[in-house]
Amino acid sequence: MMEMKSLLQVLADLSGTRADNAKPRSTGCTMVIDKGLGLSAYQDLLQLTGEYIDFIKLAFGTATITPPQILQQKIALCKQHGVHLYFGGTFFEIAYSRRKVDEYFQMVRDWGLDWVEISDGTVTIPSETRYRLVQQACQMGFQVITEIGKKMHGYHPTVDEFASMFALDRQAGAAYVIMESRESGQNIGVYDQAGNADCAYLEKLAERIPTQYVIWEAPQVKQQVQLIQLLGNSINLGNIQPSDVMSLESLRRGLRADTLSQFLSH
1 MMEMKSLLQV LADLSGTRAD NAKPRSTGCT MVIDKGLGLS AYQDLLQLTG
51 EYIDFIKLAF GTATITPPQI LQQKIALCKQ HGVHLYFGGT FFEIAYSRRK
101 VDEYFQMVRD WGLDWVEISD GTVTIPSETR YRLVQQACQM GFQVITEIGK
151 KMHGYHPTVD EFASMFALDR QAGAAYVIME SRESGQNIGV YDQAGNADCA
201 YLEKLAERIP TQYVIWEAPQ VKQQVQLIQL LGNSINLGNI QPSDVMSLES
251 LRRGLRADTL SQFLSH
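Residues in the sequence shown are numbered from 1 upward in steps of one, following UniProt numbering.
No wet-lab data here; the hints were simulated from the structure.
Possibly wrong hints are sitting among the right ones.
What the hints assert, rightly or not - Restricting the straight-line Cα-Cα distance to at most 16 Å, the calculated cross-link-like pairs of lysine to aspartate or glutamate (EDC-like) are:
#1 Lys23 with Glu51
#2 Lys35 with Glu183
#3 Lys79 with Asp114
#4 Lys222 with Asp198
#5 Lys222 with Asp244
#6 Lys79 with Asp44
#7 Lys151 with Asp192
#8 Lys204 with Asp160
#9 Lys222 with Asp192
#10 Lys79 with Glu51
#11 Lys222 with Glu183
#12 Lys222 with Asp258
#13 Lys204 with Glu161
#14 Lys150 with Glu161
#15 Lys35 with Asp244
#16 Lys151 with Glu183
#17 Lys150 with Glu183
#18 Lys150 with Asp192
As the list claims (entries may be wrong) - Pairwise CB distance ranges, derived in the manner of DEER restraints:
#19 Asp198 with Gln80: 32 to 42 Å
#20 Ile94 with Ala22: 29 to 39 Å
#21 Gln139 with Ala257: 46 to 56 Å
All C-beta atoms, glycine included, are put in the ideal place defined by N, C-alpha and C.
Throw the hints in and build the complete structure from the sequences for me.
Here it is, written out as structure tokens:
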């Protein structure tokens with residue numbers, strides 16, 4: 001047993017490390033998408049990978065159809081493991097369309113959540129209204145994540161569009177800005193119909209904005225590989241499937257063939 005521990009330690013020392021590995025992190029964040037996990041799955045996920053998860057997003061409007069006692073226990077489990085749980089942007093957009101944003105923010109506060117997502121992937125929110133809503137949430141003491149993009153296949157914001165909206169969101173107080181790619185990661189955002197990242201687009205955008213404040217939705221493993229290879233292991237990645245958390249952390253540390261060469265070259 002001691003020999004096995006020694007070997008594991010040697011391998012750990014030889015593998016890549018991350019300066020942003022310790023939580024709470026501001027870069028190298030991983031956001032997991034929860035489309036309806038049960039409590040046992042939550043307990044297993046957080047026990048094994050809680051150290052590598054920074055955010056869990058309750059996808060779509062699933063929080064509204066989750067039994068309240070289950071939701072309460074999910075929130076408590078996340079707090080125990082230093083993971084920020086928050087409601088997906090669709091929930092906010094429903095509240096906005098019903099003119100219930102104030103009530104929505106109060107409800108989020110009542111549940112004891114510290115983060116809110118503000119998006120307009122389905123509805124249309126004028127830029128000045130979006131700016132004011134981000135400010136309002138910040139003034140209420142929330143940390144804000146915004147999202148840029150429309151939930152429709154074929155929607156690819158130009159570099160100028162994204163950079164402009166990003167600047168406004170950050171000026172209003174947003175901590176992070178998500179690049180919309182949905183749960184499919186195909187023909188939307190920075191991805192083509194096959195789910196491959198537009199590297200030229202990413203390089204141009206990286207020249208325009210501080211990418212440490214972007215969460216790139218990357219639901220497919222090949223997308224996680226591409227983005228890490230292009231932008232480094234300290235990028236923030238979102239819409240990660242619960243079953244892919246260990247795989248992603250291995251990619252970040254050069255413990256998979258896809259990114260091993262990046263660490264061996266240093």
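Hint by hint, here is what the structure shows:
1. Lys23 with Glu51: 7 Å, holds
2. Lys35 with Glu183: Holds, because 10 Å separates the two Cα atoms, which is no more than 16 Å.
3. Lys79 with Asp114: Roughly 11 Å between the alpha carbons, so the hint for Lys79 and Asp114 holds.
4. Lys222 with Asp198: This hinted pair holds, its Cα atoms lying about 13 Å apart.
5. Lys222 with Asp244: 11 Å, holds
6. Lys79 with Asp44: 15 Å, holds
7. Lys151 with Asp192: This hinted pair holds, its Cα atoms lying about 15 Å apart.
8. Lys204 with Asp160: 10 Å, holds
9. Lys222 with Asp192: 13 Å, holds
10. Lys79 with Glu51: 12 Å, holds
11. Lys222 with Glu183: 14 Å, holds
12. Lys222 with Asp258: 9 Å, holds
13. Lys204 with Glu161: Status holds; Cα separation ~12 Å.
14. Lys150 with Glu161: With a Cα-Cα distance of about 12 Å, the restraint between Lys150 and Glu161 holds, given a limit of 16 Å.
15. Lys35 with Asp244: With a Cα-Cα distance of about 14 Å, the restraint between Lys35 and Asp244 holds, given a limit of 16 Å.
16. Lys151 with Glu183: 10 Å, holds
17. Lys150 with Glu183: 13 Å, holds
18. Lys150 with Asp192: Cα-Cα ~15 Å, so holds.
19. Asp198 with Gln80: 32 to 42 Å: 39 Å, holds
20. Ile94 with Ala22: 29 to 39 Å: 36 Å, holds
21. Gln139 with Ala257: 46 to 56 Å: The hinted range 46 to 56 Å holds for Gln139 and Ala257, with Cβ atoms some 48 Å apart.
In summary, the structure agrees with every hint in the numbered list given earlier.
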